[in-house]
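Asks: Residue numbers (this note's numbering), protein chains in the order written: chain P, 1 to 357; chain A, 1001 to 1333.
Treat the hints with caution; some may be incorrect.
[Stated by the list, open to error] Below are the DSS-like pairs computed for lysine-lysine, each with C-alpha atoms no more than 25 Å apart in a straight line:
1. Lys1151/A <-> Lys1124/A
2. Lys145/P <-> Lys1275/A
3. Lys34/P <-> Lys1151/A
4. Lys1124/A <-> Lys146/P
[As the list claims (entries may be wrong)] If you want a taste of the chain P side facing chain A, the calculated C-beta under 10 Å gives, among others:
5. Ser15
6. Ile92
7. Thr190
8. Thr196
9. Glu252
10. Arg299
Everything labelled a hint here was simulated from the structure, so no lab data went into it. Positions of the beta carbon are idealized from the N, C-alpha and C atoms, including for glycine.
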Amino acid sequence: MDENSILEIKDLNISISMHEGLLTPVRGVNFDMKKGETVGLVGESGCGKSLTCRAILAINDKKCRASGKILYNSDEKGEIDLLMLDPRGKDIRAIRGKDIAMIFQEPMVAFSPLYTIGNQITEATLLHITKDKQKAKEISLDVMKKVGIANAEKRYNQYPHEFSGGMLQRAMISMALVCNPKILIADEPTTALDVTIQAQILELMKEMQKDFNMGILFITHDLGVVAKMCDRVNVMYLGKIVESGTTEKIYEDPEHPYTRGLMGSVHKIGQKKTERLFSIEGTVPLAMNLPRACGFYERCDARIEGLCDREEPDLVEVAPEHCVACFACPHPACQAQRAAAEEMIRREDGRTGGKRG
Amino acid sequence: MDKENILEVRNLHKTFTSKKIVVKAVTDVSFNIHPGETIGIVGESGCGKTTLGRCIARAYQATSGEVWYRTMDGDEVDFLTVEKDQMKKIRKEIQMVFQDPYSSLDPRMTVLDIIKEPLRANYKGIMSDKEMNAKVMDIANRVGLNTTYLKRYPHAFSGGQRQRIGIARALVVDPKIVICDEAVSALDVSVQAQVINLLKDLQREMHLTYIFISHDLSVVEHISDEVGVMYLGRMVEFGRTEELFARPRHPYTEALLSAVPVADPKIEIERIQLKGEIPNPANPPSGCYFHERCSYCQQKCAEEVPPLQHLEGRLVACHRAEELHLRGFSYSE
Chain P
1 MDENSILEIK DLNISISMHE GLLTPVRGVN FDMKKGETVG LVGESGCGKS LTCRAILAIN
61 DKKCRASGKI LYNSDEKGEI DLLMLDPRGK DIRAIRGKDI AMIFQEPMVA FSPLYTIGNQ
121 ITEATLLHIT KDKQKAKEIS LDVMKKVGIA NAEKRYNQYP HEFSGGMLQR AMISMALVCN
181 PKILIADEPT TALDVTIQAQ ILELMKEMQK DFNMGILFIT HDLGVVAKMC DRVNVMYLGK
241 IVESGTTEKI YEDPEHPYTR GLMGSVHKIG QKKTERLFSI EGTVPLAMNL PRACGFYERC
301 DARIEGLCDR EEPDLVEVAP EHCVACFACP HPACQAQRAA AEEMIRREDG RTGGKRG
Chain A
1001 MDKENILEVR NLHKTFTSKK IVVKAVTDVS FNIHPGETIG IVGESGCGKT TLGRCIARAY
1061 QATSGEVWYR TMDGDEVDFL TVEKDQMKKI RKEIQMVFQD PYSSLDPRMT VLDIIKEPLR
1121 ANYKGIMSDK EMNAKVMDIA NRVGLNTTYL KRYPHAFSGG QRQRIGIARA LVVDPKIVIC
1181 DEAVSALDVS VQAQVINLLK DLQREMHLTY IFISHDLSVV EHISDEVGVM YLGRMVEFGR
1241 TEELFARPRH PYTEALLSAV PVADPKIEIE RIQLKGEIPN PANPPSGCYF HERCSYCQQK
1301 CAEEVPPLQH LEGRLVACHR AEELHLRGFS YSE
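Full structure from sequences and hints, please.
Replies: What follows is the structure in structure tokens.
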């Protein structure tokens, strides 16, 4: 594992066995995060981005079977494969909430309505930092003030229903930061919020990142938010990363047809109005009994018949810090992959007489 | 009523009362709509944009005010006070599309029945069942639904397909005005683009007028000809979309625009920090509702409510609108 990396996900697969068949929502995901950096995970609902980040904390449902490696570089214990830990065991519980914390999408749902906000924030402190209740409260109040909750002493004893959405999200962030985590996983942290509140929360997260020097894994489908927040972006489609690179690269010159489609379907204020938005036809298919083909084949406008529906491209590096998984990409690395795939198909056809086995 | 308008909203008020609490959800809102245009209504949650839409459609009974509407036959009527038997005739001309495509369709009705229901309500005895079915097929085709699946139930459809069902249900009675309340907010971006394109195509084909309520400023900027900005139940600014986005005249509009995340890492917009949170609508501040959070606030702002006034083709409710130079988006090629 690279020394600068704090998190490395290697060939992560998640499958769920159902009556109808085997669901494979995450299929071979690879990415890493360096210390203090913000990595974006972008995709539409059902692409597996939430399952991926929940797998890091081992909080997925029991039915989800994960394989691969999730390596976490701990300061004290060195490299740990989080997937190998018992999801109910002591080891993961020592990491969960302390080294790796998470912010959830809907703050109104994520808090328990039965306990005060202070109680819920202090829970983590009592678990991980100190057994002294008074001290734990002080620590919590400190963080609450830091994230901009005015009147923290009074707010500490209030219940979630007495908070507005924006304030609750602040409370959630303070709950995540109270143990000074190394990694913060933010699963659509601002989707449920208004734009002005969203801007406040995003700025707060950036500030906190500087203060705590933590890595942020930012999961969202909002390309505007990604542009504002992330250093690097991974674009996910149907359980696979189809393009990854620095934010500038991805926005300036997206190579994968899906990334291009996503960019085109968002209207940017201040740009010349086009009569129609670019739209990707169709919908995301269900990740069940997938054939050997590019997952985006059916919706792709650059697809190559007889190739993309028979082989699946791997993620290859087309430039430093820029990887694409597409046969149609004109870059030499992709073309080499294409040639190899075509050769495979020819050989296979030769054996079966043109029919697919 | 002005000849050029299809709808004129005049001094619309809506108050909700429960026990001792009185909430002014919509206060003194007035604006006009030209036929065939799209009006965007933006604002943060709780600003009254949904209530406004529902009052216009008469889903809520407005507390006071008028909504003058030019009917298909050319009559001018106040939609809010019109007699019952005439209401029956014209109600279908103003339709709504709702936000959540999962909860706005009855799970126990087939899609065919869902789309046919407005016809049953409005054309009972006038149209035969066969004619109704033909009409449903026609509209389903137009919105891009596969007509072979119409006997299925809503659960068998994806979010984007369901929203198409909701649109078909609104359009099956040939309305003039469609109120889209956050109609694309619950959809994924790629599907959102599909539905927005569909709405635009239908508008051209069927000469529809849209009132497009949304909190997503990018979408509103794309689809609207005119935009109204609401804050705490009041319309604070109303004007042509591009002019309003390029040069806002109300400080709240400026702050709202500066908060929009633009999908381009190179564009850095300096955000205007608003002080505090949206006040409680049950207990609004004195004077201009925005004055406590406004960085341009003066003595007068705390005392007097600024009226919505004409200013260079714009409606603005701000005491200092004329002197302020506010920042918007710079439009480039």
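Asks: Within 25 Å, alpha carbon to alpha carbon, are Lys145/P and Lys1275/A?
Replies: At roughly 16 Å apart (the allowed maximum being 25 Å), Lys1275/A and Lys145/P satisfy the hint.
Asks: For the pair supplied as a hint, Lys1151/A and Lys1124/A, is the alpha-carbon distance within the 25 Å limit?
Replies: 21 Å, holds
Asks: Does the nearest C-beta of chain A fall within a distance shorter than 10 Å of the C-beta of Ile92/P?
Replies: 32 Å, violated
Asks: Does Lys1151/A lie within 25 Å of Lys34/P when you go C-alpha to C-alpha?
Replies: 53 Å, violated
Asks: With chain A as the partner, please determine if Thr190/P meets the hint condition of a C-beta pair closer than 10 Å.
Replies: 9 Å, holds
Asks: Against chain A, is Thr196/P within 10 Å by beta-carbon distance?
Replies: Holds, about 5 Å.
Asks: Using 10 Å as the Cβ threshold, decide whether Ser15/P counts as touching chain A.
Replies: For Ser15/P, the interface hint is violated, since the closest Cβ of chain A sits about 22 Å away, which is over 10 Å.
Asks: Are the Cα positions of Lys1124/A and Lys146/P separated by 25 Å at most?
Replies: 63 Å, violated
Asks: So, Arg299/P near chain A? Judge it on the closest CB pair being under 10 Å.
Replies: 8 Å, holds
Asks: Quick one, is the Glu252/P hint okay against chain A at 10 Å, beta carbons?
Replies: Because about 8 Å separates Glu252/P from the closest Cβ in chain A, which is inside the 10 Å limit, the hint holds.
Against the hints set out earlier in the document, violations occur for numbers 3, 4, 5, 6.
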